[in-house]
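Asker: Below are the chains, spelled out letter by letter.
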Amino acid sequence: MLNKTNAVRDRSKNMRVLFILSAALILIIVAATAIGAVYVPFGDTVRIILKNYGILKAPSVDDSQESIIFFVRFPRVLVAVLVGAALAASGCVMQGMFRNPMADPGIIGVSGGASLGAVTAIALGLTSGSVYVMPVFATAGALAAAWLIFLLASKGGKIPVLTLILSGIAVSTFLGAVTSLILTRVNEYQLREYLFWSVGSLSARRWEHVNLAAVPVALCVIILISFSRDLNILLLGEEEAQSVGLNPFAARKRLLFFTSVTTAMAVCVSGNISFVGLIVPHIMRLIVGPDNRILMPASALAGAVFLVGCDLAARVVFMPVEIGVGIVTSLVGAPYFLYLLNKARKEGAAL
Amino acid sequence: MTQNSDIALAVQGLRYEINGVPILKGIDLTVHKGEFVGLIGPNGAGKTTLLKCINGICRAQGRIEVKGEDIQSLSDKQVAREIALMHQNTEISYPFLSIDIVLMGRYPHLKRMQGEGKEDLRIARESMAYTDTTVFENKAITQISGGERQRVLFAKVLAQQADILLLDEPTASLDITHQEQIFKYSRELQRTGKTVIAAVHDLKIASRYCSRLVLMKEGAVISDGSPWEVFTPENIHRAYGVKALVFQNALTGLMDFYISDREQSGNKEKVHIIGGGGSASGVIRYLFEKGYRLSAGVFSHGDSDLMCAQVFGADYIAAEPFCDISDSAVEANIQKIREADITILCSMPFGSQNLRNLEAAEYAQKLVIIEDDPPETRDFTGGKALELYGALRERAVVITSARLHEFI
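Protein chains in written order, with numbering that gives the first Met the number 0: chain A, 0 to 350; chain B, 0 to 407.
Do not rely on the hints blindly, as some may be mistaken.
Below 30 angstroms or equal to it, Euclidean Cα-Cα: the simulated DSSO-like pairs (lysine-lysine) are [unchecked claim]:
no., chain 1, residue 1, chain 2, residue 2
1, A, 157, A, 252
2, B, 117, B, 138
3, B, 66, A, 157
4, A, 12, B, 138
5, A, 157, B, 24
6, A, 154, B, 216
7, A, 12, B, 117
8, B, 267, B, 32
9, B, 76, A, 252
10, A, 154, B, 269
11, B, 267, B, 242
12, B, 138, A, 345
13, B, 216, A, 157
14, B, 110, A, 157
15, A, 154, B, 24
16, A, 154, B, 76
17, B, 110, A, 12
18, A, 252, B, 110
To be clear, the hints were calculated from the coordinates, so they are not data collected in a lab.
Let's have the full structure, built from the sequences with the hints guiding it.
Answerer: Here is the structure:
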């Protein structure tokens, strides 16, 4: 009976982690929306947001505050939420699927493919037509690159991890070269447009970006979470997977597809913000353990909290100068990650 | 079909190759319900590959039927509900709780979005109780020992509730306390109607637990039948390329093997061995390995020396126990001693029943006496034997058994 209570306690501990992360996410969304060059009290911030969704009847709020909150900061925060969740969930899947702690969405060439797609759209002069052209090109490029790497690495119903990583590196390098080649042929305005997109950043992200990414990211993250049991079984190895009736090849193919889409959508609205997909799942694994049924949602939530927090820091620490969010993710994430790593090593826990 | 309803698994013309190198060269195998089949054979015979093909992790050419249904027509989950495979490598590097590992065995019974229910938890707990791992339920799989981990993984296989269990080298890398555990469970399960197919390295364990053995070599089946049918010296030589003696171990009553690297005898001397009470066994074995033609006697029935002579094919003379040796036996013994180039008198106890063995030794062409203990401590005839022994000693080479190799 002692065992039973332990098991229950273990599960309730996990639920508590998810609850705390959800609460933290809501809190940091409000904080990041409220804090900035113009400070709006938390209460007013919440009221403005709710009012714009028609939940709250129009109270007296300052018009200028309303536009800052609802049309500048809030969409940017939501983009951070989506990107953070997408990258962390994808990273979690990649690390589990390849049983390799160094795997992150970058290794399947998604970033490289997305960049090439974007620069193609720019070079062809299509981007002025619609705000959605570049994301579509970027997603197409990302999926094409992932597909190519997958084809190169899979052989006889298997995907050897090392081959996948190496072909990923080769294809990414190749795509990078093609991207650079195209960039030497474009004019200065187009070059700036590309740079603005490619340097991982959340500045000036608007509702268009939210609308673009919200549905696919939310859907993909939910789908990925629904695969968490498959991912658990893949962690035991291909043979174990087959023996309980999970075809490891088919499972990886599915997972790779949804991870590619998820990452592509994130890259598309924010450019390359690396490190989130690598360290957030690691940190969460040290806290909640290897079970993906809890690790995946926890990673998604934590990724969102982490990126919103980092973006907030990027905006306010050196105010009025804004620094790249990627700088903050690295400055904050790396030392914390090392601290956890060291602590885990002292306790003798395996990563 | 009604006749075949007790066939659990039928494999026909199974071929599998890796990069053009054939691993399985047309395997035919029909396994009935409730059989415990041991796959044996040297490393690289294709035992593990055969199990993996049956399980579906390796896609082979040929036909595999489970309970009369072609495995190709079944989904992966359907196959997993019928066949469960326990792997050789039980290493898991992620700290899942043991209960969660066992619950993974329920995967083929669950739909995609369906969580594990009370029934699944009950089955998992029952499986853990069966393998005596309940106490590890909430321990991380990475924090328990190899034997415990294997039992947890066996519980996972049980939780799958498949009728056919495939076990790949379940004794690999385990110490003797755990080596046979999985086999004991398997035999119990076999009696409840499950079918077990296990790739086994240890021939003794295979002969002890399996109801049927399939001997493989280089991707083909070379023998199939009961342990005594399969484990003939000829088959073992064919499969493993060694000379082996197969016998029933007198102490355990179980099948046992002796792998010899006997020198080619050519025309080596004939040696006769006089012993009894276990004193001759080591000598017989040693001389057998050296390639001598052996005779021995007179041993009484039930003496371990006699069994030893049987195993090593010595031409022996036997007598009823607890009686004086009969005249005919003495004559036969003397005959053998005369024929032998060398006669060895082992460090045996002397009693009134075997006094006549001592007398017979006088006819030896060349006599070697092995004296490990002083003869006085071995005499139970009140000095009679010592007299004879003393006379023999005069004309014999006297050595300890440790120095036998110097004289032979």
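Asker: Given the hinted pair residue 154 of chain A and residue 269 of chain B, is their alpha-carbon gap at most 30 angstroms?
Answerer: violated (64 angstroms)
Asker: Checking one constraint from the list: CA of residue 154 of chain A to CA of residue 24 of chain B, max 30 angstroms. Satisfied?
Answerer: The given pair, whose Cα atoms are some 23 angstroms apart, holds under the 30 angstroms limit.
Asker: Regarding the pair residue 66 of chain B and residue 157 of chain A, is the alpha-carbon distance no greater than 30 angstroms?
Answerer: holds (28 angstroms)
Asker: Would the pair residue 117 of chain B and residue 138 of chain B pass a check requiring their Cα atoms to be no farther apart than 30 angstroms?
Answerer: Given pair residue 117 of chain B, residue 138 of chain B holds - Cα atoms ~20 angstroms apart, limit 30 angstroms.
Asker: Is the straight-line distance between the alpha-carbon of residue 157 of chain A and that of residue 24 of chain B 30 angstroms or less?
Answerer: Cα-Cα ~23 angstroms, so holds.
Asker: Sort out whether residue 252 of chain A lies within 30 angstroms of residue 157 of chain A, counting only the CA atoms.
Answerer: holds (10 angstroms)
Asker: Holds or violated: are the alpha carbons of residue 154 of chain A and residue 76 of chain B at most 30 angstroms from each other?
Answerer: Answer holds: residue 154 of chain A to residue 76 of chain B is near 23 angstroms, not above 30 angstroms.
Asker: Against the 30 angstroms threshold, does the CA-CA distance of residue 267 of chain B and residue 242 of chain B hold or violate the hint?
Answerer: holds (19 angstroms)
Asker: Quick one, are residue 110 of chain B and residue 12 of chain A close enough, alpha carbons at most 30 angstroms?
Answerer: The hint holds at about 26 angstroms.
Asker: Within 30 angstroms, alpha carbon to alpha carbon, are residue 267 of chain B and residue 32 of chain B?
Answerer: Violated, at about 52 angstroms.
Asker: Holds or violated: residue 154 of chain A with residue 216 of chain B, Cα cutoff 30 angstroms?
Answerer: OK: residue 154 of chain A and residue 216 of chain B at ~28 angstroms, within 30 angstroms.
Asker: Regarding the pair residue 12 of chain A and residue 117 of chain B, is the alpha-carbon distance no greater than 30 angstroms?
Answerer: holds (20 angstroms)
Hints 8 and 10, counting from the list given before, are not met by this structure.
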